[in-house]
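For the protein sequence lines, the chains are A and L, in the order given. In this text, residue positions in the first sequence follow this note's numbering: the first is 1, and each later residue adds one. In this text, residue positions in the second sequence follow this note's numbering: the first is 1001, and each later residue adds one.
Hints listed in this document are in silico derivations from the structure and should not be mistaken for laboratory results. Ideal Cβ placement from N, Cα and C applies to all residues, glycine included. Do not rely on the hints blindly, as some may be mistaken.
[As the list claims (entries may be wrong)] Chain A stretches covered by chain L per the calculated footprint, using a threshold of three residues with CB under 8 angstroms from any CB of chain L:
id	stretch
1	42 to 54
2	107 to 113
[As the list claims (entries may be wrong)] Keeping only pairs whose Cα atoms sit at most 27 angstroms apart, straight-line, the calculated BS3-like set for lysine-lysine is:
id	chain 1	residue 1	chain 2	residue 2
3	A	Lys113	A	Lys58
4	A	Lys68	A	Lys49
5	A	Lys58	A	Lys68
6	L	Lys1057	A	Lys110
7	A	Lys49	L	Lys1057
8	A	Lys110	A	Lys49
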Amino acid sequence: AQSVTQLGSHVSVSEGALVLLRCNYSSSVPPYLFWYVQYPNQGLQLLLKYTSAATLVKGINGFEAEFKKSETSFHLTKPSAHMSDAAEYFCAVTAPSYYGGSQGNLIFGKGTKLSVKP
Amino acid sequence: KAGVTQTPRYLIKTRGQQVTLSCSPISGHRSVSWYQQTPGQGLQFLFEYFSETQRNKGNFPGRFSGRQFSNSRSEMNVSTLELGDSALYLCASSLRTGGAEAFFGQGTRLTVV
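Same shape as in the complex, but just chain A:
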């Protein structure tokens, strides 16, 4: 079955430090991959997406992610953390369709809460 694994339910970094949030997926077909961010009591905001074009994807707020097929990974990084980055981050993959391609729904990882220390 399709799945997404996010390593580390909580990650803490100092302001200005590198942010690395890990995501591994399983997929029987070429996937679409997404990273979303959620602030408390809010919906999900799309950070970036991979849709089989460039393997290094740049998103909003200085985040980027690299698709590595050999490692089935799509880790999220940001060179320098800011206090406003403190939130929960979700990696998601589209579910495969029985007829090939992808279905419309997303399968999410359990999320990683990022804390940023001053």
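Given chain A, put chain L in place with the hints provided.
Relative to chain A, chain L alone:
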């Protein structure tokens, strides 16, 4: 361009009652999906509608149902509420189905007492 609008934002219901949640997608988007978010289970897919047809359904009991109208607005209904239905219900809209990026509303926080 207005984003995805979910109403109401907060709801408190009693066990056994039923509830209807509403979602207005981004103008021009024809796909609407619903997700349930709980601390224990995380984000789980409920169902997807595209052009008024249910395209896909997650693993939830029949108490959970939905529909989509001709203007793409969608509603989801939960009958015979249980305490475990307390959750944040998120609606997402997409231009099309099958991998298009999804834009989420702020959600409806349902509390069942």
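Consistency of the hints with the structure:
Chain L is given as covering the stretch 42 to 54 of chain A, and this holds because 7 residues of the stretch bring a CB closer than 8 angstroms to a CB of that chain, at least three being needed. Here's how the stretch 107 to 113 of chain A fares: 5 of its residues keep a CB closer than 8 angstroms to some CB of chain L, so the rule of at least three is met and the hint holds. Restraint check for Lys113 of chain A and Lys58 of chain A: the C-alpha separation of about 21 angstroms stays at or below 27 angstroms, so the hint holds. Straight-line distance between C-alpha atoms of Lys68 of chain A and Lys49 of chain A comes to about 14 angstroms, which keeps the hinted pair within the 27 angstroms bound.
For the given pair, Lys58 of chain A sits about 15 angstroms from Lys68 of chain A by alpha-carbon distance, which is consistent with the 27 angstroms threshold. Restraint check for Lys1057 of chain L and Lys110 of chain A: satisfied, since their Cα atoms lie roughly 20 angstroms apart, inside the 27 angstroms limit. The suggested pairing of Lys49 of chain A with Lys1057 of chain L holds, with an alpha-carbon distance near 23 angstroms, which does not exceed 27 angstroms. The suggested pairing of Lys110 of chain A with Lys49 of chain A holds, with an alpha-carbon distance near 18 angstroms, which does not exceed 27 angstroms.
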